[in-house]
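> Residue numbers (the working numbering), protein chains in the order written: chain H, 14 to 378; chain F, 2 to 631.
Honestly, the hints are just simulated from the structure, not real lab data.
Keep in mind that this is a model prediction, so the values were computed, not measured.
Hints may be right or wrong, so weigh each one.
Said to hold, decoys possible - If you only want the chain F side, here are some residues facing chain H, beta carbon under 7 Å, derived:
(1) Phe-18
(2) Leu-32
(3) Gly-40
(4) Ala-55
(5) Asp-231
Virtual Cβ for every residue (Gly too), placed ideally from N, Cα, C.
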Amino acid sequence: MPRTSHWFLNGLRHVDGILLTLVVLVLGISLAVVTSASGQSAARISGHLVNIGLALGVMVVIANVPPHLLSKVGPPLYVAGVVLLVGVALFGEIRNGARRWLNLGFAFQPSELLKLALPLMLAWYFHRNEAVLRAKHYLVGGVLLVVPFLLILRQPDLGTAMMLGASGFYLLFFAGLPWKVILAGATLGAASLPVVWGLMHDYQQRRVLMLLDPSSDPLGAGYHIIQSTIAIGSGGLFGKGWMQGTQNQLDFIPERTTDFIYAVFGEEFGYAGAILLVGLYLAIVARGLVIAARAPTLFGRLMAATLSLNLFTYVFVNMGMVSGILPVVGVPLPLMSYGGTALVTLLLGVGILMSVATHRQLNKS
Amino acid sequence: MPLATPLKNLDRELARFHGRLKAGAAFVVLLAAALLGRGFYLQITQHEYYIQRAENNRISLVPVAPNRGLILDRKGRILAENYSAYTLELTRAQPRDLEATLAEVGKLIKITPGELRSFRRLLAESHEFETVPLKSKLTDEEVAILAANHYRLPGAEVKARLFRNYRAGSGMSHVVGFIGRINDRDLKALRESGREQNYRGTVHIGKTGLEQSYETLLHGRTGFDQMETDASGRAVRALSRIPPVAGKDLRLYLDRDLQAIAEQAFGDYTGGLVALDPNTGGVLALVSKPGFDPNLFIDGIDPETWKALNDSPERPMVNRVLRGVYPPGSTIKPFMALAGLELGVRKPADITVDPGYFTLPNSSHQFRDWKHGGHGLVDMRRAIAQSCDTYFYKLAFDMGIDRMHDYLAKFGFGEKTGIDLEGESPGLLPSRDWKQRRWKKEWYPGETVIAGIGQGYHLTTPLQLAAAVAMIANGGKRIEPRLVQAVRDPLTHVWQPQPVAVRGQLALKPEDLAVIRQGMMDAMRPGGTAAAAAAGAPYTIAGKTGTAQVVGIKQGARYDAGSLSRKNRDHALFIAYAPAENPTIAVAVLVENGGHGGSTAAPIARAVFDYYLTGKRPGNMKPEGNDASD
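My request is simple: use the sequences and hints to build the entire structure.
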């Protein structure tokens, strides 16, 4: 057996077959929808293929990294992320009224970094304190969560802050944050809604109001929601057929290869397609939770469970936005939307899941 | 927890984690159920609604305006035509795009502030997906520039549109009228009559003249293209088309040359002339001087010109033939005479002694004859020929106002003639009832006396006079005047003659009519009031002159044209028909401040007769041969 194929096959040993199959199925659907939504643009399709290839590569590489090594990346990554966020707050570039970018020779959003760094950091922290978890650990965890959350919130970037907050919360939740704390927090949150509303920026308030009555601004911001719900609704049970969606083909759907790709999918493949797609996502989540349940270490358990829930949160927020039950926030649909960064980040997460799944026996502590 | 071992904690934490996994899974299932529930609502429950919304998004009906019908004179020469020119039109897509496109267009070609203003107004009134003209009559160069930069101008289109042109210019302004941009009032009227849909895509509508009165025929039926349009409003492909049906063409009785001759014959006098075919009611010429250039109005007249036209003391916008009301003066006399005969008040040979005035019994007030010293002994024929006032004072007094009113009404006085133009005035035929209603006063005998020579309350339009004299010419047939002779269907190209609108036939004794006609012929012979105007004519004219007072002349004073400023001079009137034996044309002429009818109004009628009956043009007029073939 030649040496090259040996390390190659060895590398593939750490790929979880079930996860890979599910992910590839969704990516296949994505390719078909991007093809239709881009008007068969060769540049878009080849770009998408390159992104997919790259992301799958990253996934395989990460799958080969043992979890105990992954856990060590958490603290430095987290610290770097927070430092960069502070840097953004001090020296960041302002675009569209928000200070989110840092000029490092290229435009860089540190908040992207924290999407993985925060769960890694928290999982590392709780793993270190396994079996001696006490209230103060949750308190420290909470602080670790709140610092980047607030930094991102004041950029302002409500959407990313909420997503980050959700992933941090999931981790605390799986780490055993007491129910009474959760309930107390939820009650407090609900009670402070009016205060939060008052602190929200105009455009944020408008987006929420738009959701309640999209027709109030049919040519402005409400246009997106109106057109995407028309697209989805007109798809019916079986859809209009691939490349047959009029809302899609005639330009009525905005951002239709990226954030609003679900509108194109819903129009062309209908409710049957939606059930299939949501089913695939649920299967990915289920596989992730099974991996979490079987994971030998606390770090693996927490990461697998958090990443699984996090993925579905993205699915829910995106689909909810496109079908008009959540405000418009710039969240892509996992594995479906065109865009390299999001895809790579996501499959990096899937790679971590695979790593946790396949390093069970190898690293039994 | 002093006794708790880490190992025990480990187990507990693991069990708790599995519990949390189940809670997490339940949470995910809950979220998925929410998504699928929303999907079910949109895609199953509300599917019909959204499919309709998607179709409305996609499909738009683009109106295709029909070509407006042409207006031709009796010889088929064009009076109102259409010509094609390019216009720049914009779709109302996304407002942002529109402003950007407007700015871009402004850099490429010159857009005046006025054009921009009217564009914004039209835009506000237009339907979604309709294109709105920004600049019309583009030059070839502008078309080329716009075509080359098309990709930079989303929502902009260069379209070939039809424009209206009035070839005859001001000479026909009061007949043909003009079209103008559809305004709010027009829109309201269209909406109320349920014709609004048929005017989508149409910018203009008939405002005056034939363009107004035949609007329904001229406009045609709007067609519709069913287009698939993309989100920016640009048409992607045509799905189906209902073709437009062009408007109908109109052919008039009117002769363009005759019209021009009549207009010229006025010289620099203002006034009106109408010539009718007494057998059909067809309007052969209809002149109201001064006129105006109807082409100015099509795309909105500029305020200065409009003010000048409106404020002009000559009032060029008023159609004097239809709307100008004047006392009929002596032109009423033939009708009075006929009334006297038919009602048995006079016999043709009855003699009236004219000492130069008439007095009522028990009154010293003198109703004076125009001729100082009087006409002596006059019978009916001579009374008409010489326009003897005293004869008709006495006749009117003997007849009484009631019988006079009822009989004159039969000739259409005091009533609209029913011509196929809008805005006609009914004039005023006074009666005892009318005076009671209007002034709450009783009728005085003196008012009857002056009514006998067409003075006092009586007011007529030149059109009424022409229609009335046509009844003398055709033996009492009352016909509504008509401009349009035939209508051509754009599909079959067949001219459909319009019916002659006969309102009634007056039963006149031929021998009575003959006396009146003789009197009117005598008026055109030596010794008659308009003899000079008939001199040398190779046909016989029957006519009657008249003057309508502009200022009252005091008792005992004499009217002296020379001492009055022109605007206070009497209006000159003349009614006539020819050839007297077998009339084919009847005219009424009004010359404002023209003085005596015989000297200013009658020669105008003569010029019209000459051309119509013999083809002879006045010496100073060149024949117009340049476009006689169209």
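> Out of the numbered hints, which ones does the structure contradict?
none
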